[in-house]
Every structure is written in C-alpha cells, then in structure tokens.
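> Now for the letters of each chain:
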Amino acid sequence: MLLRNPGGMIGITILIVAVTVALIGPLLFPTSPWRMVQRPFLPPFTLANFPLGTDALGRDVMAGIIYGARVSLLVGLISTLASLAVGIPLGAVAGYFGGKIDDALMRFTEFFQTVPSFALAIVLVAIMQPSIVSIVAAIAIVSWPPVARLVRGEVLSLRTREYVQAAVVTGQTNWWIIWREILPNALSPVIVLASLMVATAILLESSLSFLGLGDPNLMSWGYMVGAGRTVIRQAWWITVFPGIAILVSVLALNLIGEGLNDALNPRLAKGGR
Amino acid sequence: MSKRKILVSFAAMCMLSTAAVAEGPKPGGVINAVIQPEPPSLMMGLVQNGPTQMVAGNIYEGLLRYSPKLDPLPGLAESWSVSEDGKVYTFKLVKGVTWHDGKPFTAADVLFSIEFLKQTHARARGNLAQLEKVEAPDQSTVVFTLKQPFGPFIGIFEVGSLPMIPKHLYEGTDFKTNPANNTPIGTGPFMFSEWQKGSFIRLVKNPSYHVKGKPNIDEIYWHVIPDAAARSVAYETGKVDVLPGGSVENFDVPRLSKLKNTCVTGAGWEFFSPHSWLWLNNRSGPTANKKFRQALMFAIDRNMAKDVVWNGLGKIATGPSGSAIKYYTSAVPKYDYEPAKAKTLLKEAGYKGEKVRMLPLPYGETWQRWAEMVRQNLQDVGINVEMVATDVPGWNQKVSEWDYDIAFTYLYQYGDPALGVGRNYVSSQIAKGSPFNNVEGYSNPEIDRLFADGAVAFPDAAREEIYAKAQKILVEDVPVAWMLELQFPTITRCSVKNLITTGIGVNDGFRDAWIEK
Chain A
11 MLLRNPGGMI GITILIVAVT VALIGPLLFP TSPWRMVQRP FLPPFTLANF PLGTDALGRD
71 VMAGIIYGAR VSLLVGLIST LASLAVGIPL GAVAGYFGGK IDDALMRFTE FFQTVPSFAL
131 AIVLVAIMQP SIVSIVAAIA IVSWPPVARL VRGEVLSLRT REYVQAAVVT GQTNWWIIWR
191 EILPNALSPV IVLASLMVAT AILLESSLSF LGLGDPNLMS WGYMVGAGRT VIRQAWWITV
251 FPGIAILVSV LALNLIGEGL NDALNPRLAK GGR
Chain B
208 MSKRKILVSF AAMCMLSTAA VAEGPKPGGV INAVIQPEPP SLMMGLVQNG PTQMVAGNIY
268 EGLLRYSPKL DPLPGLAESW SVSEDGKVYT FKLVKGVTWH DGKPFTAADV LFSIEFLKQT
328 HARARGNLAQ LEKVEAPDQS TVVFTLKQPF GPFIGIFEVG SLPMIPKHLY EGTDFKTNPA
388 NNTPIGTGPF MFSEWQKGSF IRLVKNPSYH VKGKPNIDEI YWHVIPDAAA RSVAYETGKV
448 DVLPGGSVEN FDVPRLSKLK NTCVTGAGWE FFSPHSWLWL NNRSGPTANK KFRQALMFAI
508 DRNMAKDVVW NGLGKIATGP SGSAIKYYTS AVPKYDYEPA KAKTLLKEAG YKGEKVRMLP
568 LPYGETWQRW AEMVRQNLQD VGINVEMVAT DVPGWNQKVS EWDYDIAFTY LYQYGDPALG
628 VGRNYVSSQI AKGSPFNNVE GYSNPEIDRL FADGAVAFPD AAREEIYAKA QKILVEDVPV
688 AWMLELQFPT ITRCSVKNLI TTGIGVNDGF RDAWIEK
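Chains as they are written, first to last, in the working numbering: chain A, 11 to 283; chain B, 208 to 724.
None of these hints come from the bench; they were simulated from the model. Check before you lean on any hint, since a few could be wrong.
Unchecked claim - Derived SDA-like pairs: lysine to any residue, alpha-carbon spacing no greater than 20 Å straight-line:
#, chain 1, residue 1, chain 2, residue 2
1, B, LYS605, A, SER42
2, B, LYS605, A, PHE51
3, B, LYS446, B, HIS417
4, B, LYS676, B, VAL539
5, B, LYS562, A, ASN227
6, B, LYS294, B, PHE382
7, B, LYS498, B, GLU401
8, B, LYS562, A, ALA136
9, B, LYS498, B, GLU456
10, B, LYS340, B, ILE361
11, B, LYS467, A, VAL143
12, B, LYS294, B, THR348
13, B, LYS325, B, LYS310
14, B, LYS302, B, TYR416
15, B, LYS679, B, TRP574
16, B, LYS639, B, LYS676
17, B, LYS605, A, ARG45
18, B, LYS605, B, ASN651
19, B, LYS465, A, ILE137
20, B, LYS467, B, ASN239
21, B, LYS325, B, PHE407
22, B, LYS299, B, PRO311
23, B, LYS310, B, LYS446
24, B, LYS704, B, GLN355
25, B, LYS412, B, LYS724
26, B, LYS498, B, LYS541
27, B, LYS412, B, LYS704
28, B, LYS562, A, GLN139
29, B, LYS550, B, ALA538
30, B, LYS294, B, ASN239
31, B, LYS550, A, GLN139
32, B, LYS605, A, TRP44
33, B, LYS562, A, SER42
34, B, LYS562, A, PHE51
35, B, LYS605, A, ILE26
36, B, LYS465, A, PHE51
37, B, LYS605, A, ILE137
38, B, LYS676, B, PRO540
39, B, LYS354, B, ALA659
40, B, LYS299, B, LYS233
Note that the structure is predicted; figures quoted are calculated from it, not measured.
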C-alpha cells in the first residue's frame with residue numbers, strides 16, 4: 011500500500027540511501043572525520059578526493075556528513091523508541107482505567123506539554139553535561155507526551171468496542187486485554203506519529219549541536235552547521251552541505267509519515283476498497 | 208585689541224600652523240570602541256577583570272606605566288629611585304594633579320590606596336607581601352620600605368595592578384556598597400559620564416588632566432555588542448573604529464584587516480603576555496607520568512595550531528615564561544612536532560590506552576577548534592582522548608577542584624617571573640578553589656627553592672641565573688604542556704593614531720590617542 015504512494019516511495023528511497031551510507035560509510039572513509047586532511051577552507055569541487063571541500067581546520071566535509079548520518083539517524087531512532095516506551099504504556103493505562111488514574115496521568119503529561127520542548131531539552135542537556143546519552147534522554151523526555159495523549163485517545167474509543175467488552179466478560183486480565191486486544195488496534199496512528207518523531211528528533215539533535223550542546227566527541231550535522239556558521243561569509247559550503255543533509259533526511263521521514271498515514275488509514279486509502 | 212595681545216595671538220597662530228605641518232596630534236574627535244563582554248563594574252579597586260581594566264584604565268591611573276620592553280615610565284609618579292640595598296623605593300609624585308571632582312591628589316591618597324587594595328585586590332595583596340611599611344614624608348613623596356630586596360617590586364605599579372583610589376570618597380566607608388562605585392572618580396585622562404547598561408559606556412575628556420595638551424580625544428564610547436559576528440559587522444559598517452584584542456573571532460581578522468583604512472597591531476600585550484598551556488594533572492592517571500607528559504609535547508602540532516586556528520598570530524611557547532617576560536631563556540630542551548618520538552615515549556611510559564579526559568576552554572569558536580585539533584593530534588599517536596563539554600562555570604569548577612586530566616587555559620604573566628610565572632609551579636600554590644594557581648599539582652623542592660630565591664635575589668644578574676635554571680628544570684619535567692604565546696590583535700581605523708604606546712596597550716587608556724582628519 012505504501013509502495014503505491016509516490017511521496018512515500020521517494021521518502022523510503024532517500025532513507026534507504028541514508029541508512030546504507032551510514033552503515034558502510036566507515037568502509038569508504040576509514041579515517042576519523044575529525045582528522046585534518048587538507049588545507050583549511052578548500053572549496054568544494056576542486057579536488058576529486060574532497061568533493062565537498064574542507065572546513066576551518068582542513069577536515070573533510072564529505073566524511074563529516076557520512077559520519078554525521080550515523081549520529082543523526084541513531085539519535086532519531088533511539089530517542090523515538092525511548093519516548094514510545096514511555097508514552098505508550100502511560101497513554102494505555104490512562105485510557106483504559108480512566109477516572110482518577112487518567113486524571114493523574116494526564117495532568118502529569120500536561121505538565122511536560124506546557125514547558126516549551128526545545129527550552130526543556132536545552133536545560134536538560136546543559137544540566138546532564140552534553141553527551142550522546144544525555145541528548146537521547148532529553149529528546150525522549152520532551153517528546154513522549156504527544157504519544158501518551160494519542161494512545162490514550164485511541165484506547166478510550168477502543169475500550170467501549172464490543173470485542174473488548176467480550177474479553178472483559180470472559181474474565182481476561184486487564185493487562186492482557188490492553189496488550190492483546192487494544193494496543194494492536196491502536197498502533198497504526200502511533201506508527202505514523204513515530205515516523206514524524208524520528209524527523210523531529212533529528213532536528214532537535216541538530217539544533218542542540220548547533221548551539222554547542224552536542225556530544226563533543228561525535229561529528230554530527232548540527233555540529234557542522236554550528237561550527238561553520240561563524241565562517242559562512244568565507245566558506246558557505248561548511249554549513250550548506252550538512253544543512254542540505256538535515257533537510258533531505260527530515261523531508262524523507264515526513265514523506266514516509268504521510269505515506270504511512272494514507273496507507274494505514276482505511277478511510278483515506280485510495281483503491282483500498 | 209592691544210598690540211601685545213595681537214602679537215601673542217599671532218605667535219599662537221604660528222605655533223598652530225607649524226603643528227599642522229608637522230602632522231602632530233590634533234585635538235578633538237570621538238572614538239567608538241567595542242567592549243566585550245560588558246564589565247560588571249568600572250571601580251577598578253574592587254573589580255579587575257579584563258573589560259573593567261580596559262575601560263577603567265582611562266579613568267584611573269597607577270604610579271607607573273611600562274614601555275613595550277617593560278621598563279617603567281612616569282605615570283602619577285614623575286621620578287623614582289631605589290636604594291643601594293634594593294629595599295627602599297622612593298617615588299616623587301607629579302605636582303598639581305587633581306581628582307575628577309577637583310580635589311587634589313596627594314601622597315595620602317597613595318597610602319590609602321595601598322590599604323584599600325590590600326583588602327580588595329588579591330593580586331595586589333600578593334605583590335605587596337614583601338612590603339614592610341609605606342610612608343609619606345611630604346605631600347608629594349612616597350617611600351616604600353621592603354622586608355628584603357624584591358626585584359619585581361618596580362613592576363607592580365601599573366593601573367590595573369595598583370590603581371590609585373580617592374581617599375576623600377572612600378575613607379571610613381564600606382567599600383563594596385559605597386555609592387561612588389557607580390560614578391568612578393580617578394585622576395585619568397577621561398572622566399566617567401554615562402553608562403547605558405547593555406548598550407554603551409561614555410567617557411569624556413578630563414579638561415584639567417595633569418599632562419598638558421592631553422588627552423586629544425573629546426569623547427570615548429565603549430559599545431556593548433554581545434555577538435562576535437555583530438562586532439565585526441559594526442566595524443565594517445563604521446559604527447565602531449576600535450576593536451580591542453579578542454573582540455572578534457580570529458578568522459575574521461584577515462578579512463577585516465584587508466578593509467580600507469584599517470590597521471592591525473599585535474602590540475600592547477607585552478606587559479600581560481598571555482601564555483597558553485594545557486594543565487596536566489600531575490597527581491593521577493597517565494598524566495602523572497613525566498614520560499607521558501613529554502610525549503604530549505612531541506605529539507601536539509603547535510605550528511599548525513598557530514597557523515590554522517590563530518591565523519598565524521602568536522609564537523610557539525618554549526617554556527613557562529613568555530619571551531617578553533624578564534629573564535626569559537630559550538636555552539631549554541626543545542619539543543618539536545615529532546609524533547614518532549611521542550609514540551616511543553608513550554611505550555616507555557607504559558601507556559595502555561587508558562581514557563584521558565580533556566577540557567577545552569569555553570571561550571568561543573577558536574578555543575573549541577583548537578581543542579578539536581589537539582584531540583586529533585593526541586589520537587593520532589594512540590592516546591585515548593575524550594573531550595568533556597563544559598561551560599565557563601563548569602570549567603572553573605572542574606579545574607579548581609582538580610577534576611580533569613588535560614585542560615586548556617591561558618594566563619597573564621605580568622612582566623616578571625615572580626609575579627606571573629612562579630605561582631603556577633611552586634608547591635605552596637597548590638590549593639583547591641582557584642583555577643589560577645598550581646592547578647597541575649607539580650611539586651619539586653628544587654623549583655620551590657629557586658622561585659623563592661629568585662624573587663628576592665639582588666641584583667638582577669643573580670635573578671637571571673636562578674630563573675634560567677628554573678626554566679630548564681621545568682621544561683625538562685613538563686608540569687604543564689605549553690602551547691602558544693597568544694597575540695590578540697587590535698584592529699583600528701588607521702586614522703586613529705597613537706592608540707597603543709605602552710606595553711599595557713589599550714588597558715593603559717587613550718591619553719595619547721588622536722584622530723587624523
């Protein structure tokens with residue numbers, strides 16, 4: 011179904027390319043992206059070995075982008091999984107049990123929603139000291155509330171369906187009902203949301219690195235843009251290429267999200283019936 | 208008009224016109240300069256951080272100033288003499304000096320300032336440790352008597368180290384809460400006029416300045432511009448005429464210096480002589496091993512750092528003393544960039560890839576890039592370096608609490624090894640809580656003895672011999688990894704003349720500056 015959606019197809023193609031590059035990148039560029047390999051400020055397309063030029067210290071921009079793909083995709087994926095791991099159980103419990111439990115959990119969720127997420131992420135990373143772990147944790151902490159709310163809404167509506175009522179009558183435990191009957195049916199909007207969350211997480215990580223709150227030991231796209239920003243008037247390529255990388259990968263994930271939405275939503279799916 | 212009056216004015220006209228032909232200083236004009244960051248206060252007796260010294264050096268004065276060769280020049284003292292035994296220093300003050308509020312400046316103010324600064328100025332307190340007594344036999348004479356000869360004593364009278372404070376405003380008050388702190392009163396060439404917090408500080412000419420015909424400039428505006436890129440733009444658009452050292456990023460220097468009517472100079476930092484190095488924790492971890500520390504010196508490509516990160520500004524540091532500091536010697540062991548030698552030394556040191564934490568100095572792009580470069584140098588010889596991200600308070604805390612393996616820093620050296628060098632190597636300066644003392648924890652009784660002797664040896668030849676020995680031992684032991692003698696270029700319009708005339712540079716005030724029209 012997704013394959014029939016042209017936008018989704020483009021998105022998937024780009025993502026496959028990005029993942030491949032991230033996986034085999036170290037084979038193509040065995041040396042560290044931090045290594046100073048040529049004279050500083052080498053413009054792009056002048057030397058075949060360094061197609062995208064070098065940065066302020068003479069580091070290969072191409073190698074930086076390839077190694078940066080690993081960091082960006084990894085952060086995007088892991089932080090999304092982490093926020094799903096928090097958001098889904100919370101939302102499911104709140105929606106299923108309702109009442110005071112629901113109230114308590116939703117107030118707790120709203121507490122996180124009222125704080126601007128990026129500001130909260132900055133504070134969290136600054137307090138925990140910038141490292142890959144603290145960045146993933148911060149992104150997960152600021153991005154689970156929408157998951158919780160979405161899952162709660164789905165569970166609320168599914169809870170009153172007859173097959174759930176039937177399961178209750180047959181004496182199945184609450185947890186079993188949530189796990190076997192409700193969640194599988196609530197999952198499709200969550201999958202769509204998750205694909206968009208990966209994109210948001212990549213953007214968040216880039217923004218944090220741009221502000222100098224990235225892991226100082228990992229080359230990431232946001233770091234490259236941030237470090238090149240001050241020399242943009244002398245050397246545009248240091249910021250522009252990683253910027254394009256961020257743009258393309260976020261766009262690809264959004265296209266996939268759209269495609270998934272069309273494919274998983276029966277009312278929108280063309281030719282589905 | 209009487210005949211005599213006409214004659215006089217004619218003579219005056221002649222003098223004016225000859226002055227014009229000789230291209231001498233012309234009065235008038237306004238200088239717009241950048242100050243970064245905004246100083247917390249302009250009361251130099253209480254606050255002595257960089258930006259305060261830079262602005263308040265126009266308002267306050269010290270007894271002496273120092274040439275680029277660090278020889279003393281007259282300031283508020285017109286002459287001085289040292290007794291044969293090196294223990295008694297007699298200063299004759301310039302006569303007829305007044306504070307900005309019109310009260311006369313006298314020897315009593317000098318005595319008061321000494322007492323004031325002993326309470327408020329940590330470095331002055333250290334500098335005055337050898338002082339037995341100070342007396343004022345008359346209104347314009349001050350006599351300092353030392354406990355024992357202390358060669359560097361003649362070097363402690365610069366405005367930032369020993370500014371003169373008005374006794375009539377501060378005597379008997381609580382210094383920290385005195386309302387006069389907001390409207391600083393000094394004897395300097397410019398008077399405080401206005402401070403729009405977050406925007407600018409305005410100073411105006413002191414019409415009754417004690418040097419006749421100075422200052423030439425009418426007004427100085429110090430503009431507060433927090434972003435480095437915006438500061439470059441302010442210069443390019445003509446909003447400011449003076450960018451003091453360190454106010455723009457290094458990679459902007461070449462671009463700005465190519466602009467029309469722009470002059471760049473590295474002069475004016477001789478007195479401070481900022482010296483950069485890596486703190487190496489001598490207590491624990493791989494850096495406790497001397498061979499490992501020597502390996503670091505061979506592994507780091509300091510030439511490349513100078514050329515790429517600092518755009519060719521500065522000088523490779525050969526040891527603990529900067530080359531502008533007294534008794535500097537280059538006759539010490541050399542550490543060139545030799546990665547192969549570094550690897551051999553690492554093997555001898557028995558290094559097995561233990562993790563080494565490195566703290567960059569959180570002072571902006573240049574320092575971040577430099578740390579990245581050094582990390583790569585070290586990884587290339589097989590050292591397992593992990594960079595720790597930090598901000599200014601975090602850096603201060605980690606370094607002061609000795610929680611690091613390698614940490615970037617730079618410190619001022621104040622002209623004499625007894626004032627600005629010894630503090631980083633003698634064991635009596637090992638104390639938690641300060642990022643400026645013997646942070647590395649190096650302890651060598653011989654070095655302790657040499658610095659103790661050197662401070663009080665007399666005459667200068669004796670000091671020279673002692674410090675040469677100390678430098679040789681230190682460079683052999685590598686308690687810290689010396690990097691570069693930094694140079695912070697001052698960028699100005701070429702029409703601003705005589706801005707920097709002493710070894711104290713911009714911090715010494717704009718009393719000699721003038722603008723060519």
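> If a hint holds in the structure, say so; if it does not, say that too.
Now for the hints, and whether the structure bears them out:
no.: 1; hint: B:LYS605 to A:SER42; verdict: violated (28 Å)
no.: 2; hint: B:LYS605 to A:PHE51; verdict: violated (34 Å)
no.: 3; hint: B:LYS446 to B:HIS417; verdict: violated (31 Å)
no.: 4; hint: B:LYS676 to B:VAL539; verdict: holds (9 Å)
no.: 5; hint: B:LYS562 to A:ASN227; verdict: holds (13 Å)
no.: 6; hint: B:LYS294 to B:PHE382; verdict: violated (31 Å)
no.: 7; hint: B:LYS498 to B:GLU401; verdict: violated (56 Å)
no.: 8; hint: B:LYS562 to A:ALA136; verdict: violated (23 Å)
no.: 9; hint: B:LYS498 to B:GLU456; verdict: violated (35 Å)
no.: 10; hint: B:LYS340 to B:ILE361; verdict: holds (16 Å)
no.: 11; hint: B:LYS467 to A:VAL143; verdict: violated (50 Å)
no.: 12; hint: B:LYS294 to B:THR348; verdict: holds (16 Å)
no.: 13; hint: B:LYS325 to B:LYS310; verdict: violated (24 Å)
no.: 14; hint: B:LYS302 to B:TYR416; verdict: holds (12 Å)
no.: 15; hint: B:LYS679 to B:TRP574; verdict: violated (28 Å)
no.: 16; hint: B:LYS639 to B:LYS676; verdict: violated (28 Å)
no.: 17; hint: B:LYS605 to A:ARG45; verdict: violated (28 Å)
no.: 18; hint: B:LYS605 to B:ASN651; verdict: violated (24 Å)
no.: 19; hint: B:LYS465 to A:ILE137; verdict: violated (42 Å)
no.: 20; hint: B:LYS467 to B:ASN239; verdict: holds (17 Å)
no.: 21; hint: B:LYS325 to B:PHE407; verdict: violated (31 Å)
no.: 22; hint: B:LYS299 to B:PRO311; verdict: holds (15 Å)
no.: 23; hint: B:LYS310 to B:LYS446; verdict: violated (36 Å)
no.: 24; hint: B:LYS704 to B:GLN355; verdict: violated (43 Å)
no.: 25; hint: B:LYS412 to B:LYS724; verdict: holds (19 Å)
no.: 26; hint: B:LYS498 to B:LYS541; verdict: holds (15 Å)
no.: 27; hint: B:LYS412 to B:LYS704; verdict: holds (17 Å)
no.: 28; hint: B:LYS562 to A:GLN139; verdict: holds (18 Å)
no.: 29; hint: B:LYS550 to B:ALA538; verdict: violated (25 Å)
no.: 30; hint: B:LYS294 to B:ASN239; verdict: violated (44 Å)
no.: 31; hint: B:LYS550 to A:GLN139; verdict: violated (32 Å)
no.: 32; hint: B:LYS605 to A:TRP44; verdict: violated (25 Å)
no.: 33; hint: B:LYS562 to A:SER42; verdict: holds (18 Å)
no.: 34; hint: B:LYS562 to A:PHE51; verdict: violated (32 Å)
no.: 35; hint: B:LYS605 to A:ILE26; verdict: violated (44 Å)
no.: 36; hint: B:LYS465 to A:PHE51; verdict: holds (18 Å)
no.: 37; hint: B:LYS605 to A:ILE137; verdict: holds (15 Å)
no.: 38; hint: B:LYS676 to B:PRO540; verdict: holds (12 Å)
no.: 39; hint: B:LYS354 to B:ALA659; verdict: holds (14 Å)
no.: 40; hint: B:LYS299 to B:LYS233; verdict: violated (30 Å)
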